[in-house]
Amino acid sequence: MGLVQVPPIPAAPGPLFPELARAEENFRKCIQCGVCSGSCPMGEAMDYAPRKAVKMLLEGRFNEVVESNTPWLCVSCHTCAVRCPSKLEISDGLFPALRAAVVAEGKALDQDLQKALQNTYLYGNPMGISPKKRADWAKTAGVPVPVISQLKRPVDVLWIVECNPSFEPRGMEISRLLARILNTLGVDFAILGSEERCLGDCEWLAGERGLFEMLIERNIEILNKYKFREIIMTDPHSYRTLRNIYPALGGRYNVQPVVAFLAERLDHLKPLLKKRLSATITYHDSCCLGRKTAHYEEPRMLLAAIPGIKLVEMIQNRESALCCGGGASTIYLDRFIQERVKDRLADRRIMQAVATGAETLAVACPFEPARFEDAVKITGQEGKLVVRDIIELLAESMELN
Amino acid sequence: MNIAVLTKQVPDLVEGVEIDSTGKAVDPESIRYILSESDDHALEEALLLKERTQARVEVFSLETGEVRDSLCAALAKGADRVVIVATSADAPPSNHTAAKIFASVLQGLSFDLILTGVRAIDDLDGSLGGLLAGYLNLPYVGLVRKVEMADGTSMAVIQKEYPGGFAAELEVKLPAVLGVQAAEQPPRYVPVSRLRQVMKTASLEEKDAAPVEAEIVEVVRMFKPEEGAGAAILSGTPEEVARQMVDLFAERRLVR
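Just so you know, the sequences run in chain order F and R.
Position one of the first sequence corresponds to residue 504 (my numbering), numbered consecutively onward.
Position one of the second sequence corresponds to residue 2 (my numbering), numbered consecutively onward.
Since the hints were derived computationally from the structure, they do not count as laboratory data.
It is possible that some hints are incorrect.
[Unchecked claim] Straight-line Cα separation of at most 30 Å, DSSO-like style, residue types lysine-lysine; simulated pairs:
| no. | chain 1 | residue 1 | chain 2 | residue 2 |
| --- | --- | --- | --- | --- |
| 1 | F | Lys555 | F | Lys636 |
| 2 | F | Lys610 | F | Lys778 |
| 3 | F | Lys730 | F | Lys777 |
| 4 | F | Lys778 | F | Lys728 |
| 5 | F | Lys655 | F | Lys778 |
| 6 | F | Lys618 | R | Lys25 |
| 7 | F | Lys590 | F | Lys618 |
| 8 | F | Lys558 | F | Lys636 |
| 9 | F | Lys618 | R | Lys101 |
| 10 | R | Lys208 | R | Lys101 |
| 11 | F | Lys642 | R | Lys225 |
| 12 | F | Lys618 | F | Lys532 |
| 13 | F | Lys635 | F | Lys618 |
| 14 | F | Lys618 | F | Lys845 |
| 15 | F | Lys558 | F | Lys778 |
| 16 | F | Lys655 | F | Lys635 |
| 17 | F | Lys636 | R | Lys25 |
| 18 | F | Lys778 | F | Lys880 |
| 19 | F | Lys655 | F | Lys642 |
| 20 | R | Lys201 | F | Lys610 |
| 21 | F | Lys555 | F | Lys610 |
| 22 | R | Lys101 | R | Lys25 |
| 23 | F | Lys558 | F | Lys642 |
| 24 | F | Lys880 | F | Lys618 |
| 25 | F | Lys590 | F | Lys558 |
| 26 | F | Lys813 | F | Lys887 |
| 27 | R | Lys225 | R | Lys174 |
| 28 | R | Lys208 | F | Lys635 |
| 29 | R | Lys201 | F | Lys618 |
| 30 | F | Lys635 | F | Lys558 |
| 31 | R | Lys208 | F | Lys610 |
| 32 | R | Lys25 | F | Lys635 |
| 33 | R | Lys51 | R | Lys101 |
| 34 | R | Lys51 | F | Lys635 |
| 35 | R | Lys225 | F | Lys636 |
| 36 | R | Lys201 | F | Lys728 |
| 37 | R | Lys174 | F | Lys618 |
| 38 | F | Lys610 | R | Lys51 |
Just need the whole structure built from these sequences, with the hints factored in.
As structure tokens, then:
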């Protein structure tokens, strides 16, 4: 018996062909075990769950996959990728390539997603707010928040605040608290202010490669103007992208998420955590701090350092944590997804948190306070569970709020 | 069939607009220009007609602000030709002047349909489409939301909006000028890679417009909303404003 004949790589339409061909070459290693589909929290709602989609692509059924709902239901939780025995880049490779094919063909996009992409092109943020207002949150921080272009000297730490923490009311409040924490710790930091633009994680994963490239070019140009020892980031999505994707495109920086930066300074931080919070807390591992970059312990170390806190775990935690359902631009596809699933992932996650008996759900991703608070209301758990960012909890214990 | 789409750039309100030191105009330094929203819809309707009837779509834009971006976007979306209409004036012209400029540019060209946005945020003196139709002696329909070709290229069936939720279907003899309120679908997305490709390669045609006559409308004063008698402007965070409103309602016994 000879070897199984591998069919020729099918020609995909559009300018994305070379990239997709590379992905397909790689996907020949797929053993069709189905671990991806079995692990996918959105697999049930997909026309073709990942295993089937891969098989179809290898059979040349490209258009069927691209035109199905499959490309737009991946939340980029990365569970498939960490479990794949063939180490295939499913959520970071296959899905962005499928979406890129849709975008490049000029096919109609979901209106909410289209608006977010257009806003990011025009203003550098998906909300469509003037970049001049990016540092408005800092005006009421109560502590100095220097803008690096005005400092005219190297700084120790450049804090990339990112879009939600710059423009969304809850995110802005968390940014103010973090500024106070950094100030109390005596960190020499600065922000980019109105020069900051979206780092492009959502745009890349949404398949808008041209927009992603444009953002990368601009961001590298801005970052290379200044001298700093390291970058800290509030948004795990952007952190992951700056850490893992930018280097190959010429942007190499020493970067860490805020939780890791603070955990490094735990000895300094601990004596400042004076106020007891007396709460049972469960922590939600965001996909970008968890599976994508393996910062599982630092957030827990920070929480455990707060006096009075009892930390309990949800049934799915660390590598198995359930996604909030907002990654890879699906934060803009909520309506599209809601019509296609029984329970949104955020709603399912809230029920897991409630089942632990915790009264507080701690998070470390700026997408999550709003997403999970919404889910608390939708699932009727109001009054039983509150959602708080780790920064909010630390600031309260440091009596900075 | 040949379709002309007339567009202009207007100040992007997201970026904020300041009044200049004369107090009569917006400060050009404070402005970033973007394509006028209803012109974007006029282009979309033209592109839909192109898809249905293989029409040729040509876009003419007044040279105000950075017009290149929006004309490249029009090419990337599927327009066949784009033309910058150079004006000698520093400030964007009034619609009377703009209509004269477009009339001189379109004179002698054969278009079956001339589409433009029904209004723009900086209109001072009526609708561009109506004025242009007057100068060209063509029929005009405004507040259009759908255009279909009825019979070859001699007649179009137009849907237009009326107040109170009413709409009308009209047959219009071509050529005609239409002021588009909204296209049948939201303006399409241009992938940034395609847009950047067009920006690198496209050479944009330029046409000089006839010299502009003196404007018939003069702005005497431009100002932001002012506090009038009996009005109070509340300021503060949303929470503070809400509290002030509750106090005001209670004080005036508007709520129990």
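Taking the hints in turn, this is what the structure says about them:
no.: 1; hint: Lys555(F) to Lys636(F); in the structure: violated, 46 Å
no.: 2; hint: Lys610(F) to Lys778(F); in the structure: violated, 55 Å
no.: 3; hint: Lys730(F) to Lys777(F); in the structure: violated, 35 Å
no.: 4; hint: Lys778(F) to Lys728(F); in the structure: violated, 41 Å
no.: 5; hint: Lys655(F) to Lys778(F); in the structure: violated, 38 Å
no.: 6; hint: Lys618(F) to Lys25(R); in the structure: violated, 34 Å
no.: 7; hint: Lys590(F) to Lys618(F); in the structure: violated, 34 Å
no.: 8; hint: Lys558(F) to Lys636(F); in the structure: violated, 47 Å
no.: 9; hint: Lys618(F) to Lys101(R); in the structure: violated, 35 Å
no.: 10; hint: Lys208(R) to Lys101(R); in the structure: holds, 14 Å
no.: 11; hint: Lys642(F) to Lys225(R); in the structure: holds, 24 Å
no.: 12; hint: Lys618(F) to Lys532(F); in the structure: violated, 37 Å
no.: 13; hint: Lys635(F) to Lys618(F); in the structure: holds, 20 Å
no.: 14; hint: Lys618(F) to Lys845(F); in the structure: holds, 26 Å
no.: 15; hint: Lys558(F) to Lys778(F); in the structure: violated, 56 Å
no.: 16; hint: Lys655(F) to Lys635(F); in the structure: holds, 19 Å
no.: 17; hint: Lys636(F) to Lys25(R); in the structure: holds, 26 Å
no.: 18; hint: Lys778(F) to Lys880(F); in the structure: holds, 29 Å
no.: 19; hint: Lys655(F) to Lys642(F); in the structure: holds, 20 Å
no.: 20; hint: Lys201(R) to Lys610(F); in the structure: holds, 23 Å
no.: 21; hint: Lys555(F) to Lys610(F); in the structure: holds, 23 Å
no.: 22; hint: Lys101(R) to Lys25(R); in the structure: holds, 24 Å
no.: 23; hint: Lys558(F) to Lys642(F); in the structure: violated, 54 Å
no.: 24; hint: Lys880(F) to Lys618(F); in the structure: holds, 26 Å
no.: 25; hint: Lys590(F) to Lys558(F); in the structure: holds, 16 Å
no.: 26; hint: Lys813(F) to Lys887(F); in the structure: holds, 16 Å
no.: 27; hint: Lys225(R) to Lys174(R); in the structure: violated, 43 Å
no.: 28; hint: Lys208(R) to Lys635(F); in the structure: violated, 35 Å
no.: 29; hint: Lys201(R) to Lys618(F); in the structure: holds, 25 Å
no.: 30; hint: Lys635(F) to Lys558(F); in the structure: violated, 48 Å
no.: 31; hint: Lys208(R) to Lys610(F); in the structure: violated, 33 Å
no.: 32; hint: Lys25(R) to Lys635(F); in the structure: holds, 25 Å
no.: 33; hint: Lys51(R) to Lys101(R); in the structure: holds, 27 Å
no.: 34; hint: Lys51(R) to Lys635(F); in the structure: violated, 39 Å
no.: 35; hint: Lys225(R) to Lys636(F); in the structure: holds, 20 Å
no.: 36; hint: Lys201(R) to Lys728(F); in the structure: holds, 26 Å
no.: 37; hint: Lys174(R) to Lys618(F); in the structure: violated, 36 Å
no.: 38; hint: Lys610(F) to Lys51(R); in the structure: holds, 16 Å
This entry does not satisfy hints 1, 2, 3, 4, 5, 6, 7, 8, 9, 12, 15, 23, 27, 28, 30, 31, 34, 37, going by the numbered hints stated previously.
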